[in-house]
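J.: If you read the protein sequences in the order shown, they are chains G and V.
Here my numbering is used: the first residue of the first sequence is 1, the next is one more, and so on.
Here my numbering is used: the first residue of the second sequence is 1, the next is one more, and so on.
Hint data in this document are derived by calculation from the structure and do not stem from the laboratory.
Only a predicted model underlies this, so the values are computations on that prediction, with no experimental measurement involved.
The reader is advised that the hints may include incorrect statements.
Said to hold, decoys possible - As a list, the in silico SDA-like pairs of lysine to any residue whose alpha-carbon atoms are at most 25 angstroms apart:
#1 K292(G) <-> H134(V)
#2 K351(G) <-> K289(V)
#3 K210(G) <-> G390(G)
#4 K289(V) <-> R106(G)
#5 K351(V) <-> R418(G)
So you can see what is in the structure, the chains are spelled out below.
Protein chains: 2
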Amino acid sequence: MITVEQATEYVAQYAWPKVPQSVPLEDALNRFLAEDIFSDLDVPPNDQSLVDGYAVRATDFSQRVFREKGVEGGVELEVVEEVTAGNVPASRVESGRAVRVMTGVRVPDGADAVVMVEESSWQRETGLPLGVVHFNTREVVVGQNIMPRATSVRYGQLVLSCGKRIRPAEIAVLAQVGRTDVRVFGRPQVAVLPTGNELVDGGFVPGPGKIRNTNGPMLIACGRQLDADVLDLGIGRDEPQQLRNLIERGLSADVLVLSGGVSAGTLDLVPAVLEELKVRQVFHKVSMKPGKPLWFGIAGGNKDDSNDDRSTLVFGLPGNPVSSFVCFHLFVRPAIRRLCGQAAGEAAAPKCSALLAHPFEVTTDRATYHPAWIDWSETGPTIAPVLWHGSGDSRGLADANALAIFPEGARYYEAGQRIFCHPLD
Amino acid sequence: MITVEQATEYVAQYAWPKVPQSVPLEDALNRFLAEDIFSDLDVPPNDQSLVDGYAVRATDFSQRVFREKGVEGGVELEVVEEVTAGNVPASRVESGRAVRVMTGVRVPDGADAVVMVEESSWQRETGLPLGVVHFNTREVVVGQNIMPRATSVRYGQLVLSCGKRIRPAEIAVLAQVGRTDVRVFGRPQVAVLPTGNELVDGGFVPGPGKIRNTNGPMLIACGRQLDADVLDLGIGRDEPQQLRNLIERGLSADVLVLSGGVSAGTLDLVPAVLEELKVRQVFHKVSMKPGKPLWFGIAGGNKDDSNDDRSTLVFGLPGNPVSSFVCFHLFVRPAIRRLCGQAAGEAAAPKCSALLAHPFEVTTDRATYHPAWIDWSETGPTIAPVLWHGSGDSRGLADANALAIFPEGARYYEAGQRIFCHPLD
Numbered sequence: 001m002i003t004v005e006q007a008t009e010y011v012a013q014y015a016w017p018k019v020p021q022s023v024p025l026e027d028a029l030n031r032f033l034a035e036d037i038f039s040d041l042d043v044p045p046n047d048q049s050l051v052d053g054y055a056v057r058a059t060d061f062s063q064r065v066f067r068e069k070g071v072e073g074g075v076e077l078e079v080v081e082e083v084t085a086g087n088v089p090a091s092r093v094e095s096g097r098a099v100r101v102m103t104g105v106r107v108p109d110g111a112d113a114v115v116m117v118e119e120s121s122w123q124r125e126t127g128l129p130l131g132v133v134h135f136n137t138r139e140v141v142v143g144q145n146i147m148p149r150a151t152s153v154r155y156g157q158l159v160l161s162c163g164k165r166i167r168p169a170e171i172a173v174l175a176q177v178g179r180t181d182v183r184v185f186g187r188p189q190v191a192v193l194p195t196g197n198e199l200v201d202g203g204f205v206p207g208p209g210k211i212r213n214t215n216g217p218m219l220i221a222c223g224r225q226l227d228a229d230v231l232d233l234g235i236g237r238d239e240p241q242q243l244r245n246l247i248e249r250g251l252s253a254d255v256l257v258l259s260g261g262v263s264a265g266t267l268d269l270v271p272a273v274l275e276e277l278k279v280r281q282v283f284h285k286v287s288m289k290p291g292k293p294l295w296f297g298i299a300g301g302n303k304d305d306s307n308d309d310r311s312t313l314v315f316g317l318p319g320n321p322v323s324s325f326v327c328f329h330l331f332v333r334p335a336i337r338r339l340c341g342q343a344a345g346e347a348a349a350p351k352c353s354a355l356l357a358h359p360f361e362v363t364t365d366r367a368t369y370h371p372a373w374i375d376w377s378e379t380g381p382t383i384a385p386v387l388w389h390g391s392g393d394s395r396g397l398a399d400a401n402a403l404a405i406f407p408e409g410a411r412y413y414e415a416g417q418r419i420f421c422h423p424l425d
Numbered sequence: 001m002i003t004v005e006q007a008t009e010y011v012a013q014y015a016w017p018k019v020p021q022s023v024p025l026e027d028a029l030n031r032f033l034a035e036d037i038f039s040d041l042d043v044p045p046n047d048q049s050l051v052d053g054y055a056v057r058a059t060d061f062s063q064r065v066f067r068e069k070g071v072e073g074g075v076e077l078e079v080v081e082e083v084t085a086g087n088v089p090a091s092r093v094e095s096g097r098a099v100r101v102m103t104g105v106r107v108p109d110g111a112d113a114v115v116m117v118e119e120s121s122w123q124r125e126t127g128l129p130l131g132v133v134h135f136n137t138r139e140v141v142v143g144q145n146i147m148p149r150a151t152s153v154r155y156g157q158l159v160l161s162c163g164k165r166i167r168p169a170e171i172a173v174l175a176q177v178g179r180t181d182v183r184v185f186g187r188p189q190v191a192v193l194p195t196g197n198e199l200v201d202g203g204f205v206p207g208p209g210k211i212r213n214t215n216g217p218m219l220i221a222c223g224r225q226l227d228a229d230v231l232d233l234g235i236g237r238d239e240p241q242q243l244r245n246l247i248e249r250g251l252s253a254d255v256l257v258l259s260g261g262v263s264a265g266t267l268d269l270v271p272a273v274l275e276e277l278k279v280r281q282v283f284h285k286v287s288m289k290p291g292k293p294l295w296f297g298i299a300g301g302n303k304d305d306s307n308d309d310r311s312t313l314v315f316g317l318p319g320n321p322v323s324s325f326v327c328f329h330l331f332v333r334p335a336i337r338r339l340c341g342q343a344a345g346e347a348a349a350p351k352c353s354a355l356l357a358h359p360f361e362v363t364t365d366r367a368t369y370h371p372a373w374i375d376w377s378e379t380g381p382t383i384a385p386v387l388w389h390g391s392g393d394s395r396g397l398a399d400a401n402a403l404a405i406f407p408e409g410a411r412y413y414e415a416g417q418r419i420f421c422h423p424l425d
């Protein structure tokens, strides 16, 4: 049996970003950049005021070259212009003068500092925006409250790299550099096919020997959570012809996720049907718990989308819901993220470390992924495996916000030991 | 000026879950439960096999009550039935006999353990599912590989609580207990209105004194990230009548998010127009950096939706993109999450702690939220404030996956000090 790390490697070898497409900026959220983004301007475009206040010459404060109209310890300057947002200054700031400026406007020529409006009081002359401003402060430093031109971004600078996920901050940067459209990697289609004669559709009361189909809705939700285009194939029965037809439909997608039918049961037909359909097995069985029966293979050749000649990644997940979930998280999620265009090093399931909140005994030799709760406490994260009755217990999974990772080897873990975990979305 | 904690309290006082609605299970992902969910069945419905194997009597192994057909150290039993998924056993397991069972099927009467198929070899009789099975193991414990009835969930048990976010694991539990529809809290509408004469639409090259509208697309993306129904109001100009009309439209939503026009600039008309429209100010200005000019108020009264008599929460965010982003994350996001129905204690922006990766100096007295990068290293999370040029620098925000929180008070922080941070979505 191969290890989780080996299985991860195998899947990564077959998962490549889809062909890029152009989308309007408003549809780009949570997609992955398929181009490097360069700035078409300086930000700010000129030396700009960071506050609402007065553009002044710092020397008017330090050298007391100002008119003191009998005010104790203050500085008074003549306001010669007011520049509101969207406008540019017309005048130059000479000694003894100031220009009223709003946040973000260009600092007038001659000025080398801006004093905040909160540090001043202004007597307007009747009917005019002009008048005399009195400052309470004398501590004015050259450059104060000024953001020099191009501090944030320089014309031509690389501002976002190909493969980056587009979050609200990236939307802001894209809007800032004038992008109304952006090239992103294509959105993968993910077909979902739970299999098994024991499955009944939600809403029906399961008869003897039957259970409700939980994997179907869960795996569809897992795909949607990743913004994939999900194709719901219904329920596959343990009957070769029907299974073959459904799997054939699923092979039109970028990823086909089956569940059930991959163990050692006598009706576990999935591997045989996949072989018939020329899906090449890459591996079957991984040394992990839950999830050991995982099957992974590749169907080659062209797809309907003639621009996209990649193959279909086929995952046969175990039928137990928690096994299915864990395998999805560890193997299918990174594959989908990679198809979406996430950079290779970043597509893996996110990992962090935490201290065990209570002792825990691992009784299997296989690497174990146990539903757990991370507490982001003041003194650093701790993790507590939740009460969980094995791979059929999806109830326990709903109490978890992480999977605790116990590496290969049966072992007793003391409270306070540091272990790795996968936080869950 | 009030503190961030006080402002958070004020907002929480006005943010209540929307009126619940029923949605199909397939539309429930990422919504919040508006009902407690109880199970309509036992899971598993009876004692069930956890593996593919043979249901046996443990005493047949320990007491050697079996037929040894000359096989060294092995145990042989007669297979009297095979039960595949979806079917129920017809026979009882007597001493010397076994029933072939698949994962998930009911354990036949008489059997008290299941031995994995991997630990056996089976000689079928020609044309029959029956035959003799040989086991390599003699270590069989009562209850082995059997999940007793109702281990995971008992009939009538509370399985999910009101206010819980519906992730794929919750979808699995809802499907398991037969829910095809589920009551969730309503989806809030969030209106977005950036203001300012300096703003030009994306795609245009800004003339002198102008900048591109980055807050609009960014705040729309922030709302969509939370699955809110976003109403894009375009750009508001610093002109009272047009601003009044747009704000009036925005007041039909559950949340109105304005940006710009709330500082001390002479064209900062937003607070005055809001007052005219009978939006009651709750607070203006918060002791934080960036984000000090934040304005928050409430417009009362009934809405179009006659079932929903809640008021509109109005946020006047500062015009600088990073100030806007930080205020959205700290105040608007928790409000939206609460309207979506998230439990009161869980709606706040998520927080964790990490060790400072390098020394950092805070020069303001206000609480500081600095874009930063959390590294989830093997030895616990570390956080490095990113190079960031202040509230106009959205470029720096794109390099961040967290906001580092420095509490009130100018201070020098040593590398290795533990600080809190808000991880970003």
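J.: Keeping to a limit of 25 angstroms between CA atoms, is the pair of K289(V) and R106(G) held or broken?
T.: holds (22 angstroms)
J.: For the pair we were handed, K351(G) and K289(V), check the Cα-Cα distance against 25 angstroms.
T.: violated (31 angstroms)
J.: Would the pair K292(G) and H134(V) pass a check requiring their Cα atoms to be no farther apart than 25 angstroms?
T.: holds (24 angstroms)
J.: Does the alpha-carbon distance linking K210(G) and G390(G) stay inside the 25 angstroms limit?
T.: holds (19 angstroms)
J.: Below or equal to 25 angstroms on CA atoms is what counts here, so check K351(V) against R418(G).
T.: holds (20 angstroms)
Checked against the numbered hints listed earlier, the structure breaks hint 2 alone; every other hint is satisfied.
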